[in-house]
Every structure is written in C-alpha cells, then in structure tokens.
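Input sequences plus hints: build the corresponding full structure.
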Amino acid sequence: MPTVWLVWRFLDDRLGANPIEEILHRLGDVSLIFLLVTLAITPLRAVVGWNEIIKIRRPLGLFGFFYLTMHFLTYAVLDQTLDFEFIIEDVLERPYISIGFTAWILLIPLAITSTKGWIRRLGKHWKKLHRLAYVATIMGVVHFYWQVKADTYWPTLAAMLITVLMIYRIRSSRGRWRPQVREAKNR
Numbered sequence: 004m005p006t007v008w009l010v011w012r013f014l015d016d017r018l019g020a021n022p023i024e025e026i027l028h029r030l031g032d033v034s035l036i037f038l039l040v041t042l043a044i045t046p047l048r049a050v051v052g053w054n055e056i057i058k059i060r061r062p063l064g065l066f067g068f069f070y071l072t073m074h075f076l077t078y079a080v081l082d083q084t085l086d087f088e089f090i091i092e093d094v095l096e097r098p099y100i101s102i103g104f105t106a107w108i109l110l111i112p113l114a115i116t117s118t119k120g121w122i123r124r125l126g127k128h129w130k131k132l133h134r135l136a137y138v139a140t141i142m143g144v145v146h147f148y149w150q151v152k153a154d155t156y157w158p159t160l161a162a163m164l165i166t167v168l169m170i171y172r173i174r175s176s177r178g179r180w181r182p183q184v185r186e187a188k189n190r
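All the letters of the sequence shown, read from the start, carry residue numbers 4 to 190 under our numbering.
These aren't lab readings, by the way, just hints derived from the structure by calculation.
Beta carbons: idealized from backbone N, C-alpha and C, even for Gly.
One or more hints might be untrue.
Below, in silico cross-link-like pairs of lysine-lysine (DSSO-like), each with a Cα-Cα straight-line distance of 27 angstroms or less [said to hold, decoys possible]:
#1 Lys119 <-> Lys131
#2 Lys127 <-> Lys58
#3 Lys119 <-> Lys58
#4 Lys130 <-> Lys58
Per label pair, the in silico range of CB-to-CB distance [said to hold, decoys possible]:
#5 Leu135 <-> Leu76: 14 to 24 angstroms
#6 Met163 <-> Gly52: 34 to 44 angstroms
#7 Lys58 <-> Lys127: 17 to 27 angstroms
#8 Lys127 <-> Ile56: 19 to 29 angstroms
#9 Asn21 <-> Val94: 16 to 26 angstroms
The structure is reproduced here in structure tokens:
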C-alpha cells in the first residue's frame, strides 16, 4: 500500500532533503497510476475476455480519487500551511497547479456518485457524468508533464497510455471498433 510505504519512509527519514515535495510527488504518481489503470479496465476486459475484472474498476477509481485528494491535502496543508490566499493565487497563476486542481474538482462528483444508489438515480446520465474521468485523467497527465523539470519519460509514457485509451474510447463509442467481449473461461 503506497500510504504505508510513504509513512515508513517518513518515519525512517528516507524521503530526501525535501520530504514534503517527495510525498507530494509520490501521491500524485500513485493517483495517476490508479486513474490510468481504472480507464484501462474496459479495453482490457474486451481484449482479454476477463469479465470479472470489471468488479475492481470502481474501487480502483476511488483509490485514484483518494490519493489525488491526499496529494491536494499535502499541497494545501503541509506545503502551503493552509494559507488560502496563497493557494488561490497559486491556482490562478500557475498553470500546472490550475489544471491539477481542476482535475481534482472534476473527480469529486464522480467519487460522490460512484454508489449503486447514485447509478440508479442518475440513470443514463450517470455514464455521461463519469466520462469526465477521461477529461480529469488527461488533465492529470498534463499537470504531471508541466511540473516535471527534467526527466519527461514517465509523463510521456502516461500521455501515450491515455492517448491509446482515448482512441479506444472514441472508436468504440462511434461503433468503428467495438470488439466483442470474449466469453470468460472457467478458471
């Protein structure tokens, strides 16, 4: 569990010269990984034919939101010591923070409406609302890319993955490429 790992590294004084920055970056990395994996579940299910995998999509998305919330709280509480005037100024003047903050805001209604009750209440609108996960994840990738100072390998890899996922989403929604979900094998 990433949280346990971060706490252990913090207690063992192994987070480097700037532990808050290290915590901030690791939480952001983990949240983006969870969001990308969540969006990859549907194509993976279609390609591999493992229907049971769909059951973990919601928990993975919620973990992504949890770690993104922890990422934001680390920034707001530990890094900026709840100086709301400075936080607002940062959000308004620093594009990578603006886009990351907007991504987090977009994911709040998705986390709230992820229950079965909300799925029933929203009906067909639930699916439309939850497509914002793609927008928020793209924004997360851009946030990641913009804040990296030197090594762009991981942000580029994340950008390539979200591009592939978007191509799959667009093509399958337009009916141009709608692979049949294979029959699950008895395992």
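So, going through the hints one by one against the coordinates:
For the given pair, Lys119 sits about 16 angstroms from Lys131 by alpha-carbon distance, which is consistent with the 27 angstroms threshold. Proposed proximity of Lys127 and Lys58 is supported: the alpha carbons are some 20 angstroms apart, at most 27 angstroms. Restraint check: the Cα-Cα separation between Lys119 and Lys58 comes to about 13 angstroms, which is no more than 27 angstroms; the hinted pair holds. Taken as a hint, the Lys130 and Lys58 pair is honoured in the structure, with Cα atoms around 16 angstroms apart against an allowance of 27 angstroms.
Range check, Leu135 to Leu76: about 21 angstroms between beta-carbon atoms, so the 14 to 24 angstroms window is met. Remark: the range hint 34 to 44 angstroms for Met163 to Gly52 is contradicted by a beta-carbon distance near 24 angstroms. Look at Lys58 against Lys127: about 22 angstroms separates their beta carbons, and that is inside 17 to 27 angstroms. Between Lys127 and Ile56 the C-beta distance comes to about 24 angstroms, which sits within the given range of 19 to 29 angstroms.
Restraint check, Asn21 to Val94: a C-beta distance of roughly 21 angstroms satisfies the suggested window 16 to 26 angstroms.
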